[in-house]
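Chains as they are written, first to last, in numbering that gives the first Met the number 0: chain A, 0 to 377; chain B, 0 to 207.
Treat the hints as calculated values from the structure; they're not laboratory data. Glycine is no exception: its CB is placed at the ideal position from the N, C-alpha and C atoms. Each hint can be trusted.
Chain A residues, not near chain B, derived (Cβ > 12 angstroms throughout):
| id | residue |
| --- | --- |
| 1 | MET14 |
| 2 | GLN60 |
| 3 | PHE87 |
| 4 | TYR121 |
| 5 | ALA134 |
| 6 | TYR137 |
| 7 | LYS160 |
| 8 | GLU209 |
| 9 | PRO262 |
| 10 | ARG340 |
| 11 | LEU344 |
Simulated DEER-style distance windows between Cβ atoms:
| id | chain 1 | residue 1 | chain 2 | residue 2 | range |
| --- | --- | --- | --- | --- | --- |
| 12 | A | THR306 | B | LYS161 | 37 to 45 angstroms |
| 13 | B | TYR134 | A | LYS160 | 58 to 66 angstroms |
| 14 | A | PRO303 | B | LEU31 | 39 to 47 angstroms |
One side of the interface only, derived from the structure: several residues of chain B facing chain A at Cβ under 8 angstroms:
| id | residue |
| --- | --- |
| 15 | LEU11 |
| 16 | GLU13 |
| 17 | PHE54 |
| 18 | LEU55 |
| 19 | ILE59 |
| 20 | MET60 |
| 21 | ILE99 |
| 22 | LEU145 |
| 23 | THR146 |
| 24 | THR147 |
| 25 | PHE149 |
| 26 | GLY175 |
| 27 | PRO176 |
| 28 | VAL177 |
| 29 | ASP178 |
| 30 | ALA180 |
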Amino acid sequence: MTPQEMTEIRNKRIMAALNMEKPDRIPINLSGQGYFKWIDPKAVLADMFRKPKYIDDLTLQAYKLPIIEEMDSAPMVGFSSEAGLAAFAACYFAKIKLPGRELPEDAIWNIDELGPMTEEDYDVAIDKGWAYLTAELYKRIGFDPASLPPPDMEYMGELMKKVAELGKTSIGMGSAMPMPSFEVLSGARKMTNFFKDIRRMPDKVKAVLEIMNEETIAQTVETVKKGPYNPYLFVGGTRAGSDFISAKVYEQFYHPYYQKLVPALQDINVKTWFHNDSDWSGFLPYFTEFPKAQCIFDPDHLTPMETLKKVLGDKMCIEGNIPPGLLAVGTPDDCYKEARRLIDLMGDTGFMMGVGCGVPANAKRENVEAIILATLGK
Amino acid sequence: MSKKLIDAMADLDEDLVISEVKTLVSQGVPALDIIAALQEGMSTVGKRFEEKEYFLSELIMSAEIFNEASQLLGGVGGEGATSKYGTFVMGTIYDDIHDIGKNIVTTVMSSNGFHVVDLGVDVPTAKYIEAIKQYQPKVIGISCLLTTAFDNIKECIQSIEKAGLRKDLKILIGGGPVDEATCKYVGADHVCKNAQETVEYSKKYMGV
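The whole structure should be built from the sequences, with the hints applied where relevant.
What follows is the structure, encoded as structure tokens:
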């Protein structure tokens, strides 16, 4: 079978899961950042930024290892740059701390929140728009998007050819990452200030969130229309959850964004992939209002799969939910049993095997293999 | 005890808490009495959290308001500070700069009558050891949000043991990816899922 044919099979498999149809087998989505260590155990996380091409090459080799080659997801390559992470951190108006620079050689990168927005800036956003304020906030944190080095298109072209040769799925995260306005504003103000704002001036916060929702969604739709088509967009959520904020706050300040985003993406034939950290159990009923098979829910391990299955099991595809810590410190037997437990619970329709939040950089190879084997029924 | 201050703390009314603390100070009310009122307000916050009237976001806010108010009084966690239940030392393990969970736990412990020594984030093993020698806590907490820092916790706990400081000392761990398997791996005594569990475990261990 050619790599192209393999890619077609994997794409069909993933689309079946996303569409809540029965795939030929459960898709395996286990891409991780630290697989390069399986090829060169001396390589450290700082090498991702010091010699990214070398790390990309090791990662590609890791994807060809026996058993590992069975996973459907594409390797995480071509993104290890300080500029890329700086741009990601800037979504929250934060700074990135890198291994080998601010952090030890083999530490994972961290985001350091700066909170440059003042209380008075709410009025600026209301008068002049969120994009205007964003440019101002970037200046305050010393981030200049225009100064980011352009991607090395020649290298990226070569890399994509190598990825294509692996025969993995070509379905990815899409050309935009529309972070919920609640998350972005919370980063701009710093979390504690933001929660105080919600109590002290709820109407003003709501007004700014509405402006942000409109601007973000319009810009997202425009970007998607211009860029290469992908069947879903990835939307991160980290500062909410039903143990984190009340249902009242969620209803008024957070959920309206999803209520606008999901139909806007549906209009352009794109699904919404919710990557939601912390425990969302209490808020899952809100997600039942979205059309069947229009969304994907991808929890970290803190939202139990039993609850997800019960509340959303017949509404959307669910991806997950092996505890990430288990891959780092558990045994292959632990991982195999947990994977089998999830399969027995979720069945083979509307489910993708994955790890809560993502495969950690220090995941053991034998643990990842155990999950793959369990999913393949071996 | 100022009911106004207790209620303002419980209701997370930051402006009122600060102005009331300043008023009480100007009236010559002893700092310990003002702290006691703030702690009583925090107890109500804890109760409302248990009853699901408040959530983690409210705990985060309460932590900041409590700390801001107590700073006006010179702080509650300084050297030589007294407490009902003894000292609790806590920090986020080295290579990890997450602070929200740690701040919630330290404030809730402080407001529940523990003398808290907050070591901050990215805390090296030597700093934990130094604090254990200096403050002789019966319980310490290590916070961690990154699986890549699990080995650091393990190393830290092993070093505490090698230094002969583990006897009678309970080591608690907590944080998003931390679970029972992690606890076993790093050799800690207990995983705390939230701040309240830290309070309950510590009180029980100290025979309160």
